[in-house]
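Listed here are the chains, written in short residue letters.
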Amino acid sequence: AQSVTQLGSHVSVSEGALVLLRCNYSSSVPPYLFWYVQYPNQGLQLLLKYTTGATLVKGINGFEAEFKKSETSFHLTKPSAHMSDAAEYFCAVSERGGSYIPTFGRGTSLIVHP
Amino acid sequence: DSGVTQTPKHLITATGQRVTLRCSPRSGDLSVYWYQQSLDQGLQFLIQYYNGEERAKGNILERFSAQQFPDLHSELNLSSLELGDSALYFCASSPSGGSGGFTDTQYFGPGTRLTVL
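Chains as they are written, first to last, in our numbering: chain A, 1 to 114; chain B, 1 to 117.
Calculated from the structure, these hints are not laboratory results.
Ideal Cβ placement from N, Cα and C applies to all residues, glycine included.
Do not take every clue at face value.
A few chain B positions that, by computed beta-carbon distances, are all more than 10 Å from chain A [claimed, not checked]:
id, residue
1, VAL19
2, SER24
3, GLN44
Simulated restraints, written as ranges between beta carbons of each label pair [as the list claims (entries may be wrong)]:
id, chain 1, residue 1, chain 2, residue 2, range
4, A, SER109, B, SER80, 28 to 36 Å
5, B, LEU117, A, SER14, 24 to 32 Å
6, A, SER14, B, PHE69, 48 to 56 Å
7, A, ASN41, B, GLN41, 14 to 22 Å
8, B, PRO70, A, SER12, 48 to 56 Å
9, B, ASN77, A, SER28, 40 to 48 Å
10, A, GLY62, B, GLY42, 25 to 33 Å
Modelling step: build the complete structure from the supplied sequences, incorporating the hints.
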């Protein structure tokens, strides 16, 4: 069975500071990993995904994430936060070779202070 | 704008009633996915259709059903509604189906907020 844990339901940063949103997963087989962003009153938007190959994945809006198999982690980072980054972020895992149905984390709300 | 449309935006109804949520996928996308987002359960996959056929099923209650029509729009039917069914229901679409669908980029609609009183 697969599961996702997002550490911290809320993360607060100052504008210009580093953004780090943590995601740990559990999967019995090599996973596919995703980060989604949800702005208020909108649906989810894919930020980036890891399927195979390079473990450092670059996404939209300056975000990137690194797949670390030994740590079962897929943390999301951005060097410099912008006010427009304030949103809810979801990590998801999907099992390769299984049903591929994704399991989502509970989400992390990113708050950006001026 | 993702190109996926959902109607209605808001729906308020009473326990025991039945409602239908509608989704139009992006032009050219053959797969439609339904998700439920609630405070209790978080974000959960419900069901996937690909080119008119059910392709994958998640945590969908027996009181819920879906279908995809020849023009590829999809409807999610929720019956015998309970208070706990109050949630945001999202539809997403992607070009392909099966396992490839879940690893495709899925494009989400703005959701339908269902309130059961």
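Going through the hints against the structure:
no.: 1; hint: VAL19; verdict: holds, 19 Å
no.: 2; hint: SER24; verdict: holds, 13 Å
no.: 3; hint: GLN44; verdict: violated, 7 Å
no.: 4; hint: SER109(A) / SER80(B): 28 to 36 Å; verdict: holds, 33 Å
no.: 5; hint: LEU117(B) / SER14(A): 24 to 32 Å; verdict: violated, 42 Å
no.: 6; hint: SER14(A) / PHE69(B): 48 to 56 Å; verdict: holds, 49 Å
no.: 7; hint: ASN41(A) / GLN41(B): 14 to 22 Å; verdict: holds, 20 Å
no.: 8; hint: PRO70(B) / SER12(A): 48 to 56 Å; verdict: holds, 49 Å
no.: 9; hint: ASN77(B) / SER28(A): 40 to 48 Å; verdict: violated, 34 Å
no.: 10; hint: GLY62(A) / GLY42(B): 25 to 33 Å; verdict: holds, 26 Å
Hints 3, 5 and 9, counting from the list given before, are not met by this structure.
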